[in-house]
Every structure is written in structure tokens, then in C-alpha cells.
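Going line by line, the protein sequences match chains A and B. If you read the first sequence in the numbering used here, its first letter stands for residue 5, the second for the next number, and so on. If you read the second sequence in the numbering used here, its first letter stands for residue -18, the second for the next number, and so on.
Derived by calculation from the structure, the hints in this document are not laboratory data. None of these values were measured; they are calculated from a predicted model. We treat Cβ as the ideally placed atom computed from N, Cα and C, and that holds for glycine. If a hint is listed, it holds; no wrong ones were tucked in.
Between beta-carbon pairs, the in silico distance windows are:
{"no.": "1", "chain 1": "A", "residue 1": "Asp22", "chain 2": "B", "residue 2": "His52", "range": "50 to 58 Å"}
{"no.": "2", "chain 1": "A", "residue 1": "Met262", "chain 2": "B", "residue 2": "Arg192", "range": "42 to 50 Å"}
{"no.": "3", "chain 1": "B", "residue 1": "His52", "chain 2": "A", "residue 2": "Arg130", "range": "50 to 58 Å"}
In silico lysine to any residue, SDA-like type, Cα no more than 20 Å apart, as pairs:
{"no.": "4", "chain 1": "B", "residue 1": "Lys142", "chain 2": "A", "residue 2": "Pro42"}
{"no.": "5", "chain 1": "B", "residue 1": "Lys170", "chain 2": "A", "residue 2": "Ala97"}
{"no.": "6", "chain 1": "B", "residue 1": "Lys96", "chain 2": "A", "residue 2": "Glu47"}
{"no.": "7", "chain 1": "B", "residue 1": "Lys128", "chain 2": "A", "residue 2": "Val252"}
{"no.": "8", "chain 1": "B", "residue 1": "Lys170", "chain 2": "A", "residue 2": "Asn37"}
{"no.": "9", "chain 1": "B", "residue 1": "Lys170", "chain 2": "A", "residue 2": "Thr68"}
{"no.": "10", "chain 1": "B", "residue 1": "Lys60", "chain 2": "A", "residue 2": "Ser15"}
{"no.": "11", "chain 1": "B", "residue 1": "Lys170", "chain 2": "A", "residue 2": "Asn99"}
{"no.": "12", "chain 1": "A", "residue 1": "Lys93", "chain 2": "A", "residue 2": "Ile30"}
{"no.": "13", "chain 1": "B", "residue 1": "Lys30", "chain 2": "B", "residue 2": "Glu(-1)"}
{"no.": "14", "chain 1": "B", "residue 1": "Lys30", "chain 2": "B", "residue 2": "Gln70"}
{"no.": "15", "chain 1": "B", "residue 1": "Lys128", "chain 2": "A", "residue 2": "Glu254"}
{"no.": "16", "chain 1": "B", "residue 1": "Lys170", "chain 2": "B", "residue 2": "Asn140"}
{"no.": "17", "chain 1": "A", "residue 1": "Lys53", "chain 2": "A", "residue 2": "Asp22"}
{"no.": "18", "chain 1": "B", "residue 1": "Lys142", "chain 2": "A", "residue 2": "Tyr69"}
{"no.": "19", "chain 1": "B", "residue 1": "Lys60", "chain 2": "B", "residue 2": "Glu11"}
{"no.": "20", "chain 1": "A", "residue 1": "Lys26", "chain 2": "A", "residue 2": "Lys93"}
{"no.": "21", "chain 1": "B", "residue 1": "Lys96", "chain 2": "A", "residue 2": "Met84"}
{"no.": "22", "chain 1": "B", "residue 1": "Lys96", "chain 2": "A", "residue 2": "Asn83"}
{"no.": "23", "chain 1": "B", "residue 1": "Lys96", "chain 2": "A", "residue 2": "Ala39"}
{"no.": "24", "chain 1": "A", "residue 1": "Lys100", "chain 2": "B", "residue 2": "Asn169"}
{"no.": "25", "chain 1": "B", "residue 1": "Lys142", "chain 2": "A", "residue 2": "Thr68"}
{"no.": "26", "chain 1": "B", "residue 1": "Lys170", "chain 2": "A", "residue 2": "Tyr69"}
{"no.": "27", "chain 1": "B", "residue 1": "Lys64", "chain 2": "A", "residue 2": "Ala39"}
{"no.": "28", "chain 1": "A", "residue 1": "Lys100", "chain 2": "A", "residue 2": "Arg31"}
{"no.": "29", "chain 1": "A", "residue 1": "Lys100", "chain 2": "B", "residue 2": "Glu13"}
{"no.": "30", "chain 1": "B", "residue 1": "Lys64", "chain 2": "A", "residue 2": "Tyr69"}
{"no.": "31", "chain 1": "A", "residue 1": "Lys53", "chain 2": "B", "residue 2": "Pro95"}
{"no.": "32", "chain 1": "A", "residue 1": "Lys100", "chain 2": "B", "residue 2": "Asn140"}
{"no.": "33", "chain 1": "B", "residue 1": "Lys170", "chain 2": "A", "residue 2": "Val107"}
{"no.": "34", "chain 1": "A", "residue 1": "Lys100", "chain 2": "B", "residue 2": "Gly12"}
According to the in silico footprint, chain B covers these stretches of chain A (three or more CB under 8 Å from chain B):
{"no.": "35", "segment": "33 to 42"}
{"no.": "36", "segment": "347 to 356"}
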Amino acid sequence: MTKTTPKESQSCQYEVVDDPEKGLTIRLRGAMNAANAPGLIREFRGMLKDRDLSSLTVDLGEVTYLDDFGTLVLTELRNMAAEVKAAFKIENARNKVAQMLEVLHFDRLDRKISFEKVRPPGIFVRLGDATFRHASDLKYLISFIGSVCLSLIHVCLHPRSLRREDTFLCMQRTGVDALPIVGLISFLLGLIMAFMSSVQLQQFGANIYVASLVSLAMTRELGPIMTAIIVAGRSGSAFAAEIGTMKVSEEVDALFTMGFDPTRFLVVPKMIASVIVVPVLTLFSDLFAILGGMVVGVFILDLTASAYIDQTLKTLTLFDVFWGFFKGAIFALLIAWVGCLRGFRVTGGAASVGQATTSAVVSSIFLIILTDSVLSVILRYWG
Amino acid sequence: MRNVIIQVRDLVAGYGEEVILDGISFDVYEGEIFVVLGGSGCGKSTLLKHLIGLIKPISGRIIIDGDDLSHSDDETFQKILRKIGVLYQSAALLGSLTLAENVALPIEEYTDLPKDSIETLVKMKLNLVNLDGYENHLPSEISGGMKKRAGLARAMALNPKILFFDEPSAGLDPVTSAGLDNLIIHLNKILGTTMVIVTHELDSIFAVAHRVIMLDKHTRGIIAEGDPRYLRDHSQNPFVSQFFNRRPDPGAGP
Ligand SMILES: Nc1ncnc2c1ncn2[C@@H]1O[C@H](COP(=O)(O)OP(=O)(O)O)[C@@H](O)[C@H]1O
Ligand SMILES: [Mg+2]
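With the hints as constraints, model all of the structure from the sequences given.
So, in C-alpha cells, the structure goes:
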């Protein structure tokens, strides 16, 4: 019979007695709690590894306190014994300790517990699921377009039903607050464009055409697109997050039961505000880009400011400016519509709001580019 | 003499300049169920936020198990946080994780138990709050009472010495709420955890409380302290006996 000296694991001590007849006995003493359980488990795992066991007895006679972490140590010991098919027994548990084991269903805590999430279903199930989901999305999309149109018509017929305060606030957030960043980005874009084109045009001594290139490209294409992308990132995401959070906290339901039409209450102000401010932002974007181009023209290409402006005015027609303005309005509609739509599709919790925000920005950017291509083609054949 | 586990001295609590509680002192003893009660808006939640360190006091001291919460450096603060668990009013389970993952979260972070042991432990925790079989459910798939119990299991994940509850029975039906009360009493008995509960549910108070303090909005302090039953029957303070006997303000109502 061998006997090891008592070991200490913080406030819990144990000694191990190896009796050839009775098998291995672990005698625990003190409190077994969250502080010492991980250490005990590690020590016992190391001790019992590769050890021939016929039976394992745990003597709890001097254990004063045992909580669920302590119970965990016992389950571990039982599992280790089961692995080598040794008999396992608990002895001398005091009243309180035994009660704790009882409460925690120690006898029924079996080994194979797995919290693996449900396995993802097969490809056909997922395909079918996705089909149904997209079909329902499409259905919702169509009904949402309908409800937005109805609300807009209602507001046109009864202009007083428009929530004016909300609309003004939204105009400020979407338009005024975006002006610095739109201005800065457009200015830099004009600068870069002028700089890059000047390298080519200088070879032909056609410096002055830098002005035409920058102004035309910005007013017709890049101005509206850049502005729309910035607004999608700033405000489209905000619309989705705001409505999504209201959906999660049942505020949308509350509006509904108070007799408000959530679309009219939440969507129409955002749409009207966006359609008003985004074209204006587009104009500012054009102006700043031309300014950026002019900086390059004056300081690098030795053009005079008046010649640059003259050339710009000669190139641009009123139609170009209006075309950019019009595109800005279309993009604004798309951004507000997609943002609100994604917001209303939120179900569940915080994660769903995050997804809605991402998808609002991604879909609006995609729709902006797509619409722009379609409009260009239309203009090409019709104009 | 019982051990004092929370000691509050001359606590002035509030938001910014606005004082909500002015110079209150009390003790909570180890292993007791301590209830903070009072009318709506008297500062119960404010007191709780101070006790768990979410807000720093304007002045005064809060000592939790020997460590000063109000003047603690980062390390002591972390140490104190390990000793407490909080059940929030809305349970505050993370919506993207299953119940088992929610409970496992603090255990994985703060202990170096192997993964399979953590699963067994989580199973035990959920057994303790009678949620066995719901390991793989998401919070959105269970009822309000179950959410509270799962939140409790998570609050107890590391067997803290002190558990704080903010309005545990809010939003629960009487049966579920009584069940939660029993669970609190049971856990207090078997684990010896100190419980600090903020509530104004009378039934709950009489069922669970060993000792209560009552806060008052007008004096911004404690107007009563002791055994709730004794206060109900013997308090001289008209507001206190009015509260415990559920009488409306004179002049309120039709
Ligand atoms: N974040 C806050 N900022 C400022 N004042 C607050 C804040 N939260 C609560 N209050 C004020 O503190 C007082 C007490 O509120 P609270 O502690 O929530 O009361 P209750 O006892 O109902 O839980 C109220 O008058 C409330 O207006
Ligand atoms: Mg409160």
C-alpha cells in the first residue's frame, strides 16, 4: 500500500491512497469551489493518465463546502474512471454536500452532452429555404413599393399630414451635415482627375481641355454617383438602423396600434427630405470638383483662372447640370427606399439590425450603379 | 456577529450634478437576502448602478467584500467584478448566442477549464435554474420567465459572492414571479450567495426578504430599515405603512 503526502490546491487538500485490494482512494478535504476546481481537474487528469485502475473511490468525509465547480471535479473523476472501465464510488458525503449533488443531478449528468449547434441542413433544403425566403422578400418588396406610393399620394393630397419637423430634421442630417465630407471628397476627386488627365493632355499641348474633362465628367457622372454613395453610407445605413431598432423594440407596432401608418410616419419624411437635399448636394459636389480641377490648372498647368472658368462654361450645357440634378433625385429615392425597406425587414435582435444596415448600404450602392448604367444607355439612344 | 459584505457610507449618488440620493449609509451582511424598495423614481435603480460600479458616486464610499469600489484602480475593480453577478431587468442575454453559449461566456473568459468540462458545468448551471433541455435554444425562442432564469444562470456562472437583481419580477405573471422568488430563496440557501434585490413587488418582498431598506424621493434618503413584516405592522412613518399596506395617496384617484 502506497500513500502520497497530502497536496494542497488553495483551500482544498487531497491525499491519494493506493490499496491493491480496495483500489485507488482520493480523500478530499476543505472547500471545493470555483477558485480551486480548474487546478484540481488538471492535477487529477495528470495523475490518472495512463494509470491502471480497477476502482476509484472518492472520500468526501472532510469536504466542508461543495458547489457546482466542485461537483464538476467529481464528474471529471467519474468520467476518467469510466474511460478505463473502473468502478467509481463516492463515500462519506456530508449532508450539505450530498444535498448539493442531489440538486445538481450529479447521478444524471452523463458524459455525452453536446451543445453543438444544430447541424446545417443539406443543400436542397437550404436551396428551397432560400427560394422561399427570396420569394417572400420579393413579395414584401412589391407591397412596400405599393405602400410607399400610396403614402406619397396621400401626403400630396393632404400636405398637412406630412410630419414637417421630422422632414426638416432629416434634411439637416442627410444634407447639411454631409456637406463638408461631400465637398472634401469631390474637391480631391477633381484634383486627382485634373492631375491624371493633364499628364496625357500636356503631350498635345491641350492643357485647357482639362477644364472640359473635369467639369463634364463630374457633372454628368461622378458628381451624382459620389454624392449618392456618400449619402448611402451616411444616411441609408442610418435609416435602416433607426427603423430596425424601432422594429426590435416594438415601437413600430406601437405606431401601428396608435393608428399611424408606419410607412407614412417613418418613410415619407425620409424620402422627401432625401429627394430634396441630394440633388443640391450633387450641385455642391460639382462645384467643389471644378474648384479642385482649377487648383491643378492654375498651379501646375499655368492656366489662368478666368481661362479655366471660361472653358468650363463653354463645355457645360444646362442640360448636363439638370441631368446630374435629376440623377441625384433618382439616387436619393433609391437610397431612402432601400434603407427603410431593410429596416422594416428586421426581425429578432441586435445582430439583425447590423445585417440590415450592411445590406442597406450594399444594395443601395449596387442599385445606384445599375440605375446609372441604365440611364446612360437611355440617354445615348434617346438624347 | 455576521460578516458585513457590502458597506455603504455617506453615499451621495446621482447623475452629474443632479443628486438623487443624499448621504445614505447601510450594511449588507454575508448570506442574506437584502431588498431595496421604494416608490417609482426614488432612485432604486440609481443605487444599484452605483453598487455594481456602473456609475461613480459623487461622494461617499462603497466597500464590497473589503475592497473600496468608489476609489478603486482598474485591478481592484476587476477583482470586485469577479465577486458580483447582475441579473438585469430585461435579462440582457446576447441574442445571437444560445443559452448554453451565454452561460459559458464568462466561464470561458475567466477560467482555464477544458471545453468538455465547461459544457458539463453549463449543464449544471442550467439544471440549477430548471432550464435543463433548453441548452440550444436562442433567447428569442423562450418565454420571459425563462429568459430571467437563463440570465440568472449567466449571472451565477462564476459563483459570485453577491448577486444583484433589478426588478426580477417585472413583466412576469404572478405564478412565474413566485417561481423566481422560490428559486432565489433556494439558491441563497444552498449556495449561501448574498442577494441584493431591487423591487417594489410587495408579495415578492414578503416572500424573500430577510431585511429591507426603503428609499424615499422627498428626503432622498432611507426612511425605513429592517424586517418587512415588522415594518408593515409597526412602522410609525405614515408613508412606510402606506407602502406596505398598499394604500393610495390621499387625494389620488377618483
Ligand atoms: N441617466 C439618467 N440621467 C439623469 N437622471 C436620471 C437618469 N436615470 C434616472 N434618472 C433620474 O433619477 C431618479 C431616480 O431614477 P431611478 O433610479 O430609475 O428610480 P427607480 O427607483 O424607479 O428605479 C429619477 O428622478 C430619474 O429622473
Ligand atoms: Mg428602476
